[in-house]
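Each chain is listed here by its residues.
There are 4 protein chains.
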Amino acid sequence: MPSNILGHNFTLLSFGESHGKCIGAVVDGCPAGLKLSEEDIQPMLDLRKPGQSSITTQRKEADAVSILSGVFEGYTTGAPICMIIWNTDSDSSSYKEFRTKPRPGHADYTGYVKYGGFNDYRGSGRFSGRLTATLVMGGAIALKILKNYLNIDIISYTKSIGNVELDTRNIPLDILASNRYTNDVRCPNSEVSRKMKEEILAARRDGDSLGGVIECIVSGVPAGVGEPIFESIESEISSGLFSIPAVKGVEFGSGFKGSTYRGSTNNDSFFIDSQDGSIRTKSNNSGGILGGITDGMPLVFRVAFKPAASIPKLQKTVNLKERSESDLLVTGRHDPCVVPRAPPVVDSVTGIILLDSCMKANLIPRVLR
Amino acid sequence: MPSNILGHNFTLLSFGESHGKCIGAVVDGCPAGLKLSEEDIQPMLDLRKPGQSSITTQRKEADAVSILSGVFEGYTTGAPICMIIWNTDSDSSSYKEFRTKPRPGHADYTGYVKYGGFNDYRGSGRFSGRLTATLVMGGAIALKILKNYLNIDIISYTKSIGNVELDTRNIPLDILASNRYTNDVRCPNSEVSRKMKEEILAARRDGDSLGGVIECIVSGVPAGVGEPIFESIESEISSGLFSIPAVKGVEFGSGFKGSTYRGSTNNDSFFIDSQDGSIRTKSNNSGGILGGITDGMPLVFRVAFKPAASIPKLQKTVNLKERSESDLLVTGRHDPCVVPRAPPVVDSVTGIILLDSCMKANLIPRVLR
Amino acid sequence: MPSNILGHNFTLLSFGESHGKCIGAVVDGCPAGLKLSEEDIQPMLDLRKPGQSSITTQRKEADAVSILSGVFEGYTTGAPICMIIWNTDSDSSSYKEFRTKPRPGHADYTGYVKYGGFNDYRGSGRFSGRLTATLVMGGAIALKILKNYLNIDIISYTKSIGNVELDTRNIPLDILASNRYTNDVRCPNSEVSRKMKEEILAARRDGDSLGGVIECIVSGVPAGVGEPIFESIESEISSGLFSIPAVKGVEFGSGFKGSTYRGSTNNDSFFIDSQDGSIRTKSNNSGGILGGITDGMPLVFRVAFKPAASIPKLQKTVNLKERSESDLLVTGRHDPCVVPRAPPVVDSVTGIILLDSCMKANLIPRVLR
Amino acid sequence: MPSNILGHNFTLLSFGESHGKCIGAVVDGCPAGLKLSEEDIQPMLDLRKPGQSSITTQRKEADAVSILSGVFEGYTTGAPICMIIWNTDSDSSSYKEFRTKPRPGHADYTGYVKYGGFNDYRGSGRFSGRLTATLVMGGAIALKILKNYLNIDIISYTKSIGNVELDTRNIPLDILASNRYTNDVRCPNSEVSRKMKEEILAARRDGDSLGGVIECIVSGVPAGVGEPIFESIESEISSGLFSIPAVKGVEFGSGFKGSTYRGSTNNDSFFIDSQDGSIRTKSNNSGGILGGITDGMPLVFRVAFKPAASIPKLQKTVNLKERSESDLLVTGRHDPCVVPRAPPVVDSVTGIILLDSCMKANLIPRVLR
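For the record, the sequence lines run as chains L, E, P and B. Mind the numbering: the first sequence is residues 184 to 552 in this note's numbering, read in order. Mind the numbering: the second sequence is residues 184 to 552 in this note's numbering, read in order. Mind the numbering: the third sequence is residues 184 to 552 in this note's numbering, read in order. Mind the numbering: the fourth sequence is residues 184 to 552 in this note's numbering, read in order.
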């Protein structure tokens, strides 16, 4: 199994390097008959792209996507969909040093070891957060299918930045959805988001960076999606999420906190919804998943992002060629916090995985109409 | 890709049901030339099996494994290794009710929906924690190869039960390793383990259950293992861990807590170890993984287990046949907390995934000698 | 990808050795709700088993299959189905010599090289034709689903033995189907089958062996099954067929002979069947496959089997230990021609592949009713 | 598993359509450290491209390949290698008719059924022989690695066109290799190739087409490559070859003819080569493969191509919209015989599969030096 592919039925292959000619994706397994053009993909890329506010990197990339194959007369054909973004605003000058002096917290060292020094180090090459744009290319397609054919919505937003956290327990899903993109940090509460922005600006002033947590809620998933044991929904989604650079933790439902509860608190009682007769649970500590299979409740999970590794402070590293210790100052244009740019990426990975799982469960026809 | 298989090169297929004739595993991809007999596997199964102490279920299973294929004259042949445990102490009488009245927190409802009611409900069927024994069958083999050929040690232990937590930061790895199996809760500190046991017994007295956290440290992993992006070590390990019933969270290195740090705190500085000239990091907030690839430091991760779902308290559920709400009292023999039985399972899953990744990296020959 | 698995959605894992404890198979991906017992599988195994006539090996194996998992209350559950045959009539004494003196035409030498001498040599171990029984275990299940849910029939029969060939062009499919098992050689014409049997007996008298060709016709396949390019129906079926020991050639439709035709002869004109309005072709030189996808006509292909490699004649080989040339006399109980035992195996492989392809095309529900 | 991917470790994903914007390939799994530029790939594409002689289509395509990713400073990086050819000389006007009136022998009908009419019909879309250029892109890389690191040579050539056949049994491999590209039909004998060319020109004059057989010999393969049963070398190679449009038969070694031999003739006796002490076989009826695993002798196989389906003769078809019978005259620029353009394609598929199998056998390091 090639390692640059996500998914089993609906699959995304990612290619390209941060400062190479282009970055791109090939979606294989998309059903035929989906109305699709660049306009379905570009808005989601725009939500992720850099240079949008004072708290993201000032690197300017148009990130304009072109569909090269798999679409004919405005509809998908069932053939692989190759999409590409040509790189434009690359400045690789500052990276040469990192080839032999690996930046702490980055993949310079591990890439060097694994590829014997042949990896493209410019702009972090394959390890760059820029590659998450290739996930968004496929994610936008997956989200469109999920929405149009199963009425599934995937809503990611910033839950915490550093120590500033939004308590989302009592916020209705439609508010989370409508408010999340009304501010720079992508947090669906204006007051908390202002504090988050202040935190980020303060960290930047200190030549430092911050991490945070993205929460994601998926509504509309029918019961019965996911396979037991090794292709549990948790296994599949976490596997995808840990592919996003800087992700170091994933939890579903009550997660780590739930491990301190007693069973009588954590168990979700079933009841029958008087509105439509559907079976639901009163609480949702399971995050909508029992035995690795969806139970019809919204999926809920959180994703921990470490603080951005590139900081304009003198750090300790080693010189790989001379085998000696060395100081290092990382310059260049970097995000002081990647979390505000992450929601479209988390949405995308979740969408690809979930569509893939729905296809396994035969919920999506091979030809859409 | 069949959904009951873990791994790409070294693979484990799990089969069987909790109260069926047997449970079993087939390992495909094991190199030839490994000395192997039931005695390599049974001790690890024994660490997992029920009925060992006052804090686990009183169900008694010998869990005696037989190797049916793939071993000849005491050595692996390179052919699939089928292993089986015949079920003996099954009492399915109490489960019939759950077929139509799903237990909260269990997979009764989702299994019913997914398989149209055809799933074997007895003892939770495929969803039973008992199936983790099939993971241990393959894990024991993987651990032996990792130890013998790469000197890799995988050490899981109980870090917390409910709100009782062991601070492991300053405990040396060899102490964690040698102490973890000296008590019933598998916590490498006698005082904390006593408190944990009290917590479990208190929960049981209250007709309730507890969850907890397993921590795992893997030493000896060379730098350069793991594939970037979709087969990152984090993706692969988390995917395996979320296959274990009751797991709801996984974090690597500083994990969720690290998302509150600043970059200057979370980044791990490189230095050169004066003892052997190797490149190491001063802290290990990355958990030994940068860019999805191992960096030569110990892997560190934590796994959150929810409280056991089976509790002898009256709970609310629905009757699937009559489509009505209903009370339910879950009887039978159940663990008040599954965490103490989990370390061999976490070791096993980690071992299978890690060996698989080492094989991808060409670190294991096809014939061992 | 483990190498002992056939199929992507409906998958069969084969395990066991010819003279080991058992041979077995695990089917993963079978839909839930199929009525299934050993009685669905045993008759097809009986058609393959040895010792049935004067032209097959006199080795007597009951080949009684047991289902160990995945079936509950008479129906498949959606979980993996493990099936096993315990080996009984094994006499390994004659094989020890072959470990160091590889038999010409057998896998003794290649197995020795690949597995460093650790492979189970007894009865040819994993390379034995006996392992085709594991294909039949899964094939019987696949054929039942194909027949019951899509009305697909797979009819393999002996087309030639040595130089004796049956011209099947004008024999109706129902005659081929009903006559094929009326004689020892599995050829649907009594006169030709008698000549074939004579050929086999003559070869045996001469201490020699014969090969032959199996033809397979599959009726009822709807148009649109198969994926273009790398998972073409031809790719998938041929890949499966070449897994059968002794198979050295596969051709579809007019095949090798068709490569001598002109296009005007080989092209199959379309017409509309006046009976049911369906689109059909007048000839079927394509073997029912255009662009790798079924066109609604019967699939037609032929499989060439080499003459059995075990012959009681003095042959030249080498001594692997002494690195010298050597004579070898292969004794033991062997088929003078494996072709008469092959039709159930070809049916099985074809059934597994075809069901797998139909599942990819969403033609089979996940729960059968 | 996505269906547009060939290989497990060294993989090729093919994308693009015959008359779309481009055709392309992504190679995933190529080791780092291989010196690579377009100049390694273009010569092999040139051998395949149309418009080179009087016996191929007059369509003119520069078929100039660009490498978009995965190569840095002249060496592969271990990241996916995306390669692209922009389509230039597309004239789709004649194809519109085939959308509703499928051409006999083509995939117009099956593509229409499978993709509900959404497939790109222009120039046969994904089903076009033009897509074999994407196989050559990856094949050129594979062949370079096989040659440089294992000294493996893959030599395909035209063995027969229609009824004109070259007896290759006594022609040394180096002559086959050096002569095959000295003439338009790619047959390594000047006299026979002249007759073949006459046959093709005669068929074209008659408004007709021809098929033929490609033979392939692979030298230098070490013993022990290939996996038993489902990933036998025959399974893998045949699966790849049947992905090439127009291929309808594949046989290894003595193949179909060998099925008429007796065992004493077909078995290949082992001997010790006095030159280098290696173990070899006197004959090579097995085609270098025993039990699915290479035995150190050259691989030998033949591939049957049906006559080109596009012929300028009035043919019978149906109108899919009107559901009526119809006449059809296929116009446009077409090859009267595709066989002369096939050797680089057969080389490529074989190279990809063989490199993939060698990587499974751990024969290729992850970083080449």
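Note that these hints are calculated values from the structure, not bench results. Ideal Cβ placement from N, Cα and C applies to all residues, glycine included. A couple of the hints might just be wrong.
Unchecked claim - Beta-carbon label-pair distances, calculated as ranges:
{"id": "1", "chain 1": "P", "residue 1": "226", "chain 2": "E", "residue 2": "247", "range": "31 to 41 Å"}
{"id": "2", "chain 1": "P", "residue 1": "374", "chain 2": "E", "residue 2": "223", "range": "44 to 54 Å"}
{"id": "3", "chain 1": "P", "residue 1": "452", "chain 2": "B", "residue 2": "364", "range": "36 to 46 Å"}
{"id": "4", "chain 1": "L", "residue 1": "256", "chain 2": "B", "residue 2": "507", "range": "57 to 67 Å"}
{"id": "5", "chain 1": "P", "residue 1": "226", "chain 2": "E", "residue 2": "223", "range": "34 to 44 Å"}
{"id": "6", "chain 1": "P", "residue 1": "384", "chain 2": "B", "residue 2": "510", "range": "53 to 63 Å"}
{"id": "7", "chain 1": "E", "residue 1": "223", "chain 2": "P", "residue 2": "220", "range": "32 to 42 Å"}
{"id": "8", "chain 1": "L", "residue 1": "256", "chain 2": "B", "residue 2": "364", "range": "34 to 44 Å"}
{"id": "9", "chain 1": "E", "residue 1": "243", "chain 2": "L", "residue 2": "460", "range": "40 to 50 Å"}
{"id": "10", "chain 1": "L", "residue 1": "364", "chain 2": "B", "residue 2": "245", "range": "26 to 36 Å"}
Here is what the structure says about each hint:
no.	hint	verdict
1	226(P) to 247(E): 31 to 41 Å	holds, 34 Å
2	374(P) to 223(E): 44 to 54 Å	violated, 60 Å
3	452(P) to 364(B): 36 to 46 Å	holds, 37 Å
4	256(L) to 507(B): 57 to 67 Å	violated, 25 Å
5	226(P) to 223(E): 34 to 44 Å	holds, 40 Å
6	384(P) to 510(B): 53 to 63 Å	holds, 55 Å
7	223(E) to 220(P): 32 to 42 Å	holds, 36 Å
8	256(L) to 364(B): 34 to 44 Å	holds, 40 Å
9	243(E) to 460(L): 40 to 50 Å	holds, 43 Å
10	364(L) to 245(B): 26 to 36 Å	violated, 46 Å
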